[in-house]
Amino acid sequence: MDYALELSGALYIALFALIGIAIVFVTLGMSRMIAPHNITPGKLAIYECGEIPSRGTDVQFNVNYYLFAIMFVIFDVEVAFFFPWAVAFDALGIYGVVAVALFLLLLLDGLIYAWTKGVLKWVY
Amino acid sequence: MIDSLLITFLKALLLVLVLLGAFAYMTLIERRLLGRMQHRFGPNRVGPFGLLQPIADAIKSVFKEDIVVSAADKFVYFLAPFISITFALSAFGAIPAGPAGSFFGFNPWIVDLDIGLLYVFAATSMGVYGVFLAGWASNSKYSLLGSLRSSAQMISYEMGLGLSVLGLIMITGTLNLREIVDYQSGAYLLILLQPVAFVTFLISAIAEVNRTPFDLPEAEQEIVAGYLTEYSSIKWALFQMAEYVNMMTGAAFISTLFLGGWRGPRFLDAVVPGISEWPFIWLILKMAIFMFLFIWLRATLPRLRYDQLMRFGWIWLFELAMLSAIVTGAVIAFVL
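Those protein sequence lines, which keep their order, are chains D and G.
Mapping the first sequence onto the working numbering, position 77 (from 1) lands on 77, and the numbers just tick up by one.
Offset between the second sequence (1-based) and the working numbering: plus 1000.
I should point out that these hints are in silico values taken from the structure, not numbers from a laboratory.
Please note that a few of the clues may not be correct.
[Stated by the list, open to error] Below, computed lysine to any residue pairings styled on SDA-like, alpha-carbon distance capped at 20 Å:
(1) G:K1060 / G:I1029
(2) D:K121 / G:W1316
(3) G:K1060 / G:G1042
(4) G:K1074 / D:A45
(5) D:K117 / D:L106
(6) D:K121 / D:Y66
(7) G:K1064 / D:K121
(8) G:K1074 / D:L106
(9) G:K1064 / D:A45
[Stated by the list, open to error] According to the in silico footprint, chain G covers these stretches of chain D (three or more CB under 8 Å from chain G):
(10) 24-38
(11) 67-80
(12) 93-99
(13) 108-119
[Claimed, not checked] Now the stretches of chain D that chain G is said to cover, found in silico as 3 or more residues with beta-carbon under 8 Å:
(14) 8-21
(15) 45-51
These figures come from a predicted structure and were not determined experimentally.
Don't be surprised by glycine CBs; every beta carbon is placed ideally from N, CA and C.
Please model the complete structure; the sequences and the hints are all you need to start from.
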């Protein structure tokens, strides 16, 4: 497929996304017209099982989320490198397989390093 | 041949409406099936077999007051359902539902992209933003915890998803979903060539759409409803819609990649000539199988604990998918 067709594909996707956005606007608009609007302070409070909310979201949360996010960025970028290689798999031949196998080993080495460091272990 | 802009617009509109209708009735089917599996009836009062229940639900959710909590970041709070639903809907557009020109002379897909597979990945993974921003913008503890869990889970299982299809791409040599379907009609179904990848892909897909046993983002018993806690009325319904549309996209995507997509079994051609080339029905049938599986799993399995979830995703799924890709590559390169 040539470049112009790819571009038209992008155009069609944009069109499709616009319809999605329009659907949301229509439903929200409908709800705004129909739904009652009777605000009291109690309704506007955040939900905390009926108690008066003690504090906002400035709470401490587990650092593991952060570590997994970093791991994801590293590995997902590396996985993204595999896609173009897999498409051109036949053309690249044995050389491609060996090169990617080495790359994969490095990737696995990184994963095993993170594993032994305890990054993959969820600590409460 | 590609269709004109106007035709594509109409097709896209039709697809969106069909998906929304399917969403409405999926909620009914799910509740009825869960009822059956738990030895109760499920909703059967509104209309025959409860068939009007989704309409009643829709009317109810429109009539409910839409509350925006005062602590919320108003703009992002408003933006989150947009992101969720827009990307959930647009992911479906690349999936072919029949042979070219079979939809009243037009193509039964919205776009035919050479990078269709990557496009579906990209569009579905944008769903993480909707979920995360919803939780963050609500400015509530439960929502924040829910969205953190959800994001960590979705990004972790996305890698299993990506690695699972590597072997498949090596075999077919294309990222175009239409060509992947065509490949499977010429050779074996890819589920037979890539059984391990199929299993890892299926499990990752269930985790991606936050279904039981991976429904920790919602985990009603621990963090209320996760990122949905502060959403009410129609905005809540939009998130539900996005979730079900994502489920359907996942089901259609698995069917397309591993089960021959829109093509039916060839041996039926002996009975009714050309039946395996009929558009729509086979894809819908295959999707229905996976949707049933999702509901069945929900009725069967308990929820995982969070550390189990992460360990399973990173240590088992990731490694198994990688191994499958390595073996596939080695077999193609050195044996064949």
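Structure-based check of each hint:
no.	hint	verdict
1	G:K1060 / G:I1029	holds, 19 Å
2	D:K121 / G:W1316	holds, 13 Å
3	G:K1060 / G:G1042	holds, 18 Å
4	G:K1074 / D:A45	holds, 14 Å
5	D:K117 / D:L106	holds, 16 Å
6	D:K121 / D:Y66	holds, 13 Å
7	G:K1064 / D:K121	violated, 43 Å
8	G:K1074 / D:L106	violated, 45 Å
9	G:K1064 / D:A45	holds, 17 Å
10	24-38	holds (count 11)
11	67-80	holds (count 8)
12	93-99	holds (count 3)
13	108-119	holds (count 3)
14	8-21	holds (count 11)
15	45-51	holds (count 5)
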